[in-house]
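Order-wise, the sequence lines are chains A and B.
At position 327 of the first sequence (counting the first as 1) the number is 327 in the working numbering, and the numbers step up by one without a gap.
Count along the second sequence starting at 1, add 1000, and that's the number in the working numbering.
Zero decoy hints are in this set.
In silico DSS-like cross-links for lysine-lysine, where the CA-CA straight-line distance does not exceed 25 Å:
id, chain 1, residue 1, chain 2, residue 2
1, B, K1148, A, K333
2, B, K1481, B, K1466
3, B, K1133, A, K343
4, B, K1373, B, K1342
5, B, K1058, B, K1133
6, A, K343, B, K1148
7, B, K1408, B, K1466
8, A, K355, A, K343
9, A, K376, B, K1079
10, B, K1394, B, K1408
11, B, K1148, A, K344
12, B, K1468, B, K1394
13, B, K1079, A, K385
14, B, K1079, A, K379
15, B, K1133, A, K333
16, B, K1193, B, K1232
17, A, K93, A, K355
18, A, K333, A, K344
19, A, K344, B, K1133
Because the hints were derived from the structure by calculation, they are not lab data.
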Amino acid sequence: MNLHEMTAHRLHELLKAREISSTEIVEAVFNRIEAVDGTVKAYMTLTREQAMAIAREADAAFKNGQAAPLTGIPLALKDNMCTSGIKTTCSSKILENFVPPYNATVVERFRAIHTPLVGKTNLDEFAMGSSTENSAFFTTRNPWDTTRVPGGSSGGSAAAVAADEAVIALGSDTGGSIRQPAAFCGVVGMKPTYGYVSRYGLIAFASSLDQIGPFTRDVTDTALVMNVIAGHDPLDSTSVRREAPDFTKSLVNDVKGLRIGVPREYFVEGIQPEVKEAVAKTIDLLARLGAEIQEISMPHTEYALATYYLIAPAEASSNLARYDGVRYGYRAKEAPDVITMFKKTRSEGFGAEVKRRIMLGTYALSSGYYDAYYLKAQKVRTLIKQDFDRAFETCDALVSPTTPTVPFKIGEKSGDPLAMYLSDLFTIPANLAATPALSVPCALSKEGLPIGIQVMGKAFDEGTLLRIAYTIEQNTDVHNQKPNLAGAAGRDAGGPAKDAGRAHDTGRASGKDVR
Amino acid sequence: MAYIGDYEIVIGLEVHAELLTESKLFCGCSTEFGAEPNTHVCPVCLGLPGVLPVLNEKAVRYAVKAGLALNCQIADFSKFDRKNYFYPDLPKAYQISQYDLPLCRKGKMRVMVNGEVKEIGITRVHLEEEAGKSVHSAETILGSDYSKEDYNRTGIPLIEIVSEPDMRSPEEAKAYLERLKTILQYTGVSDVKMEEGSLRCDANISLRPKEATKFGTRTELKNMNSFRAVQKALEYEAGRQEEVLRQGGVIVQETRTWDESRGVTISMRGKEEANDYRYFPEPDLVPVVVERSLVEELRAELPELPNSRMERYMREFGLPEFDADLIASSKPLADFFEEAAKQCRDPKAVANWVMGDFTRLLKAEEIEADRSKLRPRHLVEMLALIDKGTISGKIAKTVFEEMFATGKDAAIVVKEKGLVQISDEGEVTRIIDRILAENPQSVTDFKAGKEKAITFLVGQVMRASKGKANPALVNEILRKKLAGL
Ligand SMILES: [Zn+2]
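Given the sequences, and given the hints that come with them, work out the whole structure.
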């Protein structure tokens, strides 16, 4: 197996044994990027020089015995997290040349343990979308089938990890933006409990819903990333004052006695039969392994989508108002006065979906409509949260499909916003409830497309989710499969795909011995 | 002037005061006034993408203290909201403010107007952040080719104090502002300098027919840069509204700006009125929970406020109400008075100097009592010299001015300027003899029964002695001499 294909915990073993160096891993990853990113288009910006410099720091840290589990492991960041001195665009024309003067808290945390940053990944503009087709620059492709979308909005990060262009990645999840692309790209993706991971430096879409989380090749790596990013940050007032546990302690291949709820409302019409079947089979597996499966009801689920599309745009309309051309970012030319400058800048700088949501949100907050829309949505949000509270009185966790369908074709839904919104039907409720949820691969479709199962849990009970996901992973084979990108084009058009890295280990990385 | 023509005047005021915290409301930047533009800024107060606010606890304490000083109820549970509008000096395009759950509400304040005590309700006191400062290339933003933005002020904590529409005249409004300023000053939460913009006032005014119970349509006045301007703007606006109503017109609800140079209010219609601020709860901050124990702690920290100080001055120092109120209405002045009065056996004399010469000199220098070189001990020492007869009351004025200008001790000023009172009988007699010789007509007049002539002669003697002759001695010797002539 090539270095760029391995999991972080396997690479850590090899680094610790001094069999390989971080600089070699970073080289391997950049060679891989050169070979396939012309096809996949996961990255907005590559930061090779900085990555190599940090890899050298990492190698020194291993020499000095000061290495953490993710020291020296190549990381990709969704391009909506601020990186000091490195362009942070939100895949928007309005921030095309924006270079932040500061680092997001999550970036600082990885910087402190010498984790090399490979680059910034593509997203739907301002994280609004489910396919990366709303990026102002280009659409990322699904590594499993490059005619399909990788999901979104964190499609670039999901595709980067799936296509071995990064070992681990961070995304942000406002209504499913980590879990849906994780399911589409066949990787593990988790949205932690709201308030567990600092949002400082994450460019806001909807402040009360946004949460940063990991993309990884397996559940063990998810726990390792969580160990770095979770925990209180004094720079984020909504970050909880709570000590994060060692998440690797939850990597237990055992679900005996766990009460797992299956909410009836998540198995509605419109789910592709293959998806439904794959999830049902996984639930059967959990039952066979000793979990108590209960069918439950979460009656307000059907209102989640509508509620989300009032609250998220309302907050977005305010969060995105600062892009006015005065201080940074795009500024329209030839405006005779400041009001015209505001209008032209925003008309030219934002894409259609962003404008649609700003308008929706502005309307929902307008005087005379506030009570009927925003306030009512907040009340329904409380009801949805109560659905979760009630479910967790009898269940330790809930499972559902992550998405109703397998990855759809590029262009298939881009003209129909409502059809696109339905892609997040099952992921949105956990954002509204502020509870944790993850997606773990559970099967491949007949066409060879990934299918994910969503596991949802109580606030701050990521441990149980990791335990269930780990058990699924250890008892299925899907996570060992990789997309075939043999015919992929390199970043420089027409360049031959280079053979990447040295092979040190041909066996698959096992999670069992890394606890 | 509670009435104008057939109408009663109704006024409510909204006052913004910058809090005296060292750092801004949501970041660690300095609040220092007068720094180079854009030097007290950071990603947070510049509203860069991705930043989050962190509440300055001290600002909450200050706002609660102000609320307590204004007899408000302090909310157990309060929250911040976003007020959304576009303006170049507002980096996030929203101001973090408080909408429906302010920190303090339902307060009241007592104001003295023309010797009568009036109670004015305080609707609410809430906490919010300052905007930046636009410097336009011309007078107004619309007339300018370009504008520059200074974000040093952005994010400085403000309290907004909203009164009930309880004032019935522009004078009452001015008295309210003066007393509010005093209370904030006493509480130590704001330096209340209108000239530096740390205190600002908007006024709402409407008229209603005498005996009416419903309020009339109001206008909102902005851009008044002094208390005097507030009063003048209100007087003008009352007159304008009365004229409109008298001629059968209707008042349009609008914002009007005060033009100081022309002394008129001008409609700003179409600019402010179109704003829908789309308030909603600030999702980046958690609600503010003010524990009862904190409220009690802050209440205990409150200093003695002007009203109780006034009462104490009447009780302790025997000052008349007018004097006590006037001195208590400025904390620095009251502190000065109190320190001096404690060391004197005649507090009323101290009060006279403080209210008279001292206040006049402070005004001329445009400083407050705490910045004066003349300290309470100077006054105490000078009063002692008067008592001992070393200087006359008249000479003391000169000594006082010199002490004020230089900060020198009274005895030194008296010595350096040769101002010691002449109480030597021989010397006074010599001067009197000379004056009597030079003014035979006055002597004749006095002998003819014209009592006034002696006043003239005393004046001449004082003048000849450059004011230094002991007036009592002059009188005594002069009368003796005249009687003997
Ligand atoms: Zn700042």
